[in-house]
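Peer 1: Could you build all of it, start to finish, from the sequences and the hints given here?
There are 2 protein chains.
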Amino acid sequence: MEYIEQSFEVKFAYKVFFTNHIFDPSNLTIAAFLDSRADKDITKKLLIILDGGVLKHHPQLEQQITTYFQAVKGFQLIPEIIVIAGGEAVKNDEPLFYKLVDAIDHHGIDRHSFVIGIGGGSVLDLVGYVAAVSHRGIKHIRIPTTVLSQNDSGVGVKNGINYKGKKNFLGTFAPPVAVFNDAELLTTLDPRDWRAGISEAVKVALIKDASFFSWLETNAAALVAGNMPVMQELIYRCAALHMAHIGGAGDPFESGSSRPLDFGHWSAHKLEQLTHFSLRHGEAVSIGIAVDSVYSYLLGWIDEAAMTRIVTLLVQLQLPIYHPLLEMQDGKISPVIAGLEEFREHLGGRLTISLLRAIGKGEEVHEMDLDLLQQAVATCAQWNTTAS
Amino acid sequence: MEYIEQSFEVKFAYKVFFTNHIFDPSNLTIAAFLDSRADKDITKKLLIILDGGVLKHHPQLEQQITTYFQAVKGFQLIPEIIVIAGGEAVKNDEPLFYKLVDAIDHHGIDRHSFVIGIGGGSVLDLVGYVAAVSHRGIKHIRIPTTVLSQNDSGVGVKNGINYKGKKNFLGTFAPPVAVFNDAELLTTLDPRDWRAGISEAVKVALIKDASFFSWLETNAAALVAGNMPVMQELIYRCAALHMAHIGGAGDPFESGSSRPLDFGHWSAHKLEQLTHFSLRHGEAVSIGIAVDSVYSYLLGWIDEAAMTRIVTLLVQLQLPIYHPLLEMQDGKISPVIAGLEEFREHLGGRLTISLLRAIGKGEEVHEMDLDLLQQAVATCAQWNTTAS
Chain R
1 MEYIEQSFEV
11 KFAYKVFFTN
21 HIFDPSNLTI
31 AAFLDSRADK
41 DITKKLLIIL
51 DGGVLKHHPQ
61 LEQQITTYFQ
71 AVKGFQLIPE
81 IIVIAGGEAV
91 KNDEPLFYKL
101 VDAIDHHGID
111 RHSFVIGIGG
121 GSVLDLVGYV
131 AAVSHRGIKH
141 IRIPTTVLSQ
151 NDSGVGVKNG
161 INYKGKKNFL
171 GTFAPPVAVF
181 NDAELLTTLD
191 PRDWRAGISE
201 AVKVALIKDA
211 SFFSWLETNA
221 AALVAGNMPV
231 MQELIYRCAA
241 LHMAHIGGAG
251 DPFESGSSRP
261 LDFGHWSAHK
271 LEQLTHFSLR
281 HGEAVSIGIA
291 VDSVYSYLLG
301 WIDEAAMTRI
311 VTLLVQLQLP
321 IYHPLLEMQD
331 GKISPVIAGL
341 EEFREHLGGR
351 LTISLLRAIG
361 KGEEVHEMDL
371 DLLQQAVATC
381 AQWNTTAS
Chain X
1 MEYIEQSFEV
11 KFAYKVFFTN
21 HIFDPSNLTI
31 AAFLDSRADK
41 DITKKLLIIL
51 DGGVLKHHPQ
61 LEQQITTYFQ
71 AVKGFQLIPE
81 IIVIAGGEAV
91 KNDEPLFYKL
101 VDAIDHHGID
111 RHSFVIGIGG
121 GSVLDLVGYV
131 AAVSHRGIKH
141 IRIPTTVLSQ
151 NDSGVGVKNG
161 INYKGKKNFL
171 GTFAPPVAVF
181 NDAELLTTLD
191 PRDWRAGISE
201 AVKVALIKDA
211 SFFSWLETNA
221 AALVAGNMPV
231 MQELIYRCAA
241 LHMAHIGGAG
251 DPFESGSSRP
261 LDFGHWSAHK
271 LEQLTHFSLR
281 HGEAVSIGIA
291 VDSVYSYLLG
301 WIDEAAMTRI
311 VTLLVQLQLP
321 IYHPLLEMQD
331 GKISPVIAGL
341 EEFREHLGGR
351 LTISLLRAIG
361 KGEEVHEMDL
371 DLLQQAVATC
381 AQWNTTAS
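Just so you know, the sequences run in chain order R and X. If you use full-length UniProt numbering, the first sequence corresponds to residues 1 to 388, in order. If you use full-length UniProt numbering, the second sequence corresponds to residues 1 to 388, in order.
No lab work stands behind these hints: they were computed from the structure. Because the structure is a prediction, the values reported are computed rather than measured. One should not assume that every hint holds.
The list cannot tell twin chains apart, which means a pair is met if one copy fits it or any two copies do.
Using 30 Å as the maximum straight-line C-alpha spacing, the simulated DSS-like pairs for lysine-lysine come out as follows [to be verified]:
1) LYS73 - LYS332
2) LYS164 - LYS44
3) LYS208 - LYS56
4) LYS167 - LYS44
5) LYS73 - LYS361
6) LYS11 - LYS208
7) LYS40 - LYS166
8) LYS40 - LYS361
9) LYS361 - LYS164
10) LYS44 - LYS166
11) LYS15 - LYS164
12) LYS332 - LYS11
13) LYS164 - LYS208
14) LYS99 - LYS166
Peer 2: Below is the structure:
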């Protein structure tokens, strides 16, 4: 059989910067990065897409951005900063996707240019997708503005939008060229969003790093109280663990079935969808962590003390550990647990779910016992009653 | 400045197979490939999207496909083979894009599954894009059915659709998992399509391989006469040169500005657009090769003998070397040459155009002299008059 074999590697590299007051003229973090990408022969364009929720709390931001980039040589800021709504809804908004593609066309944004998304995870997912498919990939910069996007989604390599209600049905793997985490932007977060973002740190600690889990226990009260230096340390450590997994586990673009970072997520995705996103992603993940941790205990994989530590930490962080949709409804299987079957189908017939062998050690299974799962839900319900 | 650095490499590998009668039950090329991708635990799905133009000439194809895959264990063919129109128009058809995405959703095609596109370059571009963005990337297999797609676009790593008339405005770099070139499928090609596909071979010979160019001169008459073994050798050598460039030049996903494989293409893209695709891509490329070769001569980069050899070969291959749209229109600059300015803007202010230093050796420039270009056009017009 005659054939030609093609084989090549593509290298991806980017830095995630941690800073404060990123658009203060004296803060050179972005300016220095751009300077490293300048080219004396051409002026590169910058197109900014800004989360309206962020702008509301930082009304001076547009002016700050304009002033900041005027001082950066070799780059031309497109004067029209595009402001879009924030939140999951933007990922369901197909006309908005095309509006952003049109802006890229209209402003002549090419592969030398940079699209800069400023906002929460949903806005960054949308902007990243627009950049990834326009001209087969325009460079994009992320400036995440929530705990969740600064420690998890914003530092990773995925983007996407929903299609006909299916989360992230359309998307790509396309690493950003840089990420800038500005702690100052977190100061105006709704307390619910502040706390919800912590659940991804609990998740990554549980599957990867027992000492980080202990650190979270020690610092739970400070985190809930809004202590910024503690939150900055959390974000740094969580982002580092998340990135180490993507870069180090050998499958950054998920060509295989393994998804250890999705611990607690199978039920979370379903809960978000069934509650029409009235649950924050981080809150749904917290519930998912509780259920899968209790399930790991009932399976005999972790001991009661470990389970108690996990649930206690979530409760201390004022994160939810239970939702009524987890119960059987009218004698029928819980709609969330029914989602497990959909998930199995989605994965092509073989389930891959992360559970816990210990605090700090995730392990995958390919089957879940539905009775045991319903028992785990009952335990979470009990904990929930005790906690409230 | 505090930062975390992310760095990883993603490996891509695929084979391009050369065969005959690919869906004959005794031809095990596809079956053996799929067998290498089988998994005893799950049945993987196959979704086929077929170019209606191919089906017209091979009406037995649907039945052959169905019979063929029934014999392949571990895979389930989605019974509904999706037949779409062929040609550039499919890349302008946004509802068709969503129809294919819907089919992926409806049939539960996941990342274990394979989407198989069978058709000319336009159909493969569309199918590749649909696969690339659905579920952040479903594995796709290409079965190109034209000379052009078997020797050039189909063996590469790009996909895309047009947006508001802009060619390939939306797309990604997403290598296929396998390509199957079936010579039998070329036997029913329109002679115009048969010949047009040869121009990409002339192009790659000119920039990469002088001996291949000599081979083309030797075999021009046989190619025009429809000699299949000669055409198969052409396709193999052209595909090999094309793939060697993608895999070997260090920038398979075109993060830089260099586009040596685009020799002759700046004017070709504009000619296609201005003629509303009544010119085939390969015909437009032939004209583009002629113009940029003559320009290379006028620049003093190649001698008259080389220029004469190039134009003579194109004429012998019955490929066009001139189009009236290259002339000034009503005293104004040619709309094709005006496209050079658009192209410069598209590239962010710095033009990158491949020219010839010799037969077999391309070299890039960042400026083109418009007067000299108009002179090159006049020379092509003269050659054209002489030839016809």
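Peer 1: Confirm or reject each hint.
Peer 2: Each hint, compared with the structure:
In this assembly of identical chains, the alpha carbons of LYS73 and LYS332 never lie at most 30 Å apart, being 64 Å within a copy and 36 Å across copies at closest. In the homo-oligomer, the alpha carbons of LYS164 and LYS44 lie at most 30 Å apart only across protomers (24 Å), although the nearest pairing inside one protomer, at 36 Å, exceeds that limit. For the identical chains of this complex, LYS208 and LYS56 are neighbours neither inside a copy (37 Å) nor across copies (56 Å), given an alpha-carbon limit of 30 Å. For the identical chains of this complex, LYS167 and LYS44 are inter-copy neighbours only, at 22 Å across copies versus 34 Å inside a copy, given an alpha-carbon limit of 30 Å.
Taking CA atoms no more than 30 Å apart as the test, LYS73 paired with LYS361 passes in neither setting, with 48 Å inside one copy and 37 Å between copies. Taking identical chains as interchangeable, the C-alpha atoms of LYS11 and LYS208 lie at most 30 Å apart whether they share a chain (25 Å) or sit on different chains (25 Å). Taking the closest pair of Cα atoms, LYS40 and LYS166 come within 30 Å of each other only across two copies (29 Å); inside a single copy the shortest separation is 45 Å, beyond that limit. For the homomeric pair LYS40 and LYS361, the shortest alpha-carbon distance between copies (28 Å) is at most 30 Å, but the shortest distance inside one copy (50 Å) is not.
Proximity of LYS361 and LYS164 under a CA criterion of 30 Å is satisfied in neither setting, with 36 Å inside one chain copy and 50 Å between copies. When the C-alpha separation of LYS44 and LYS166 is checked against a cutoff of 30 Å, the pair qualifies only between copies, where the shortest distance is 21 Å, while the shortest distance within a copy is 36 Å. In this homomeric assembly, LYS15 and LYS164 never come within 30 Å of each other (Cα to Cα): the closest approach is 34 Å inside a single copy and 35 Å across copies. Taking identical chains as interchangeable, the C-alpha atoms of LYS332 and LYS11 are never at most 30 Å apart, the minima being 49 Å within one chain and 46 Å between chains.
In the homo-oligomer, the alpha carbons of LYS164 and LYS208 never lie at most 30 Å apart, since the shortest distance is 34 Å inside one protomer and 47 Å across protomers. In this assembly of identical chains, LYS99 and LYS166 lie within 30 Å of each other by CA distance both inside one copy and across copies; the values are 21 Å within and 16 Å between.
Hint compliance for this structure: hints 1, 3, 5, 9, 11, 12 and 13 are broken, all remaining hints hold.
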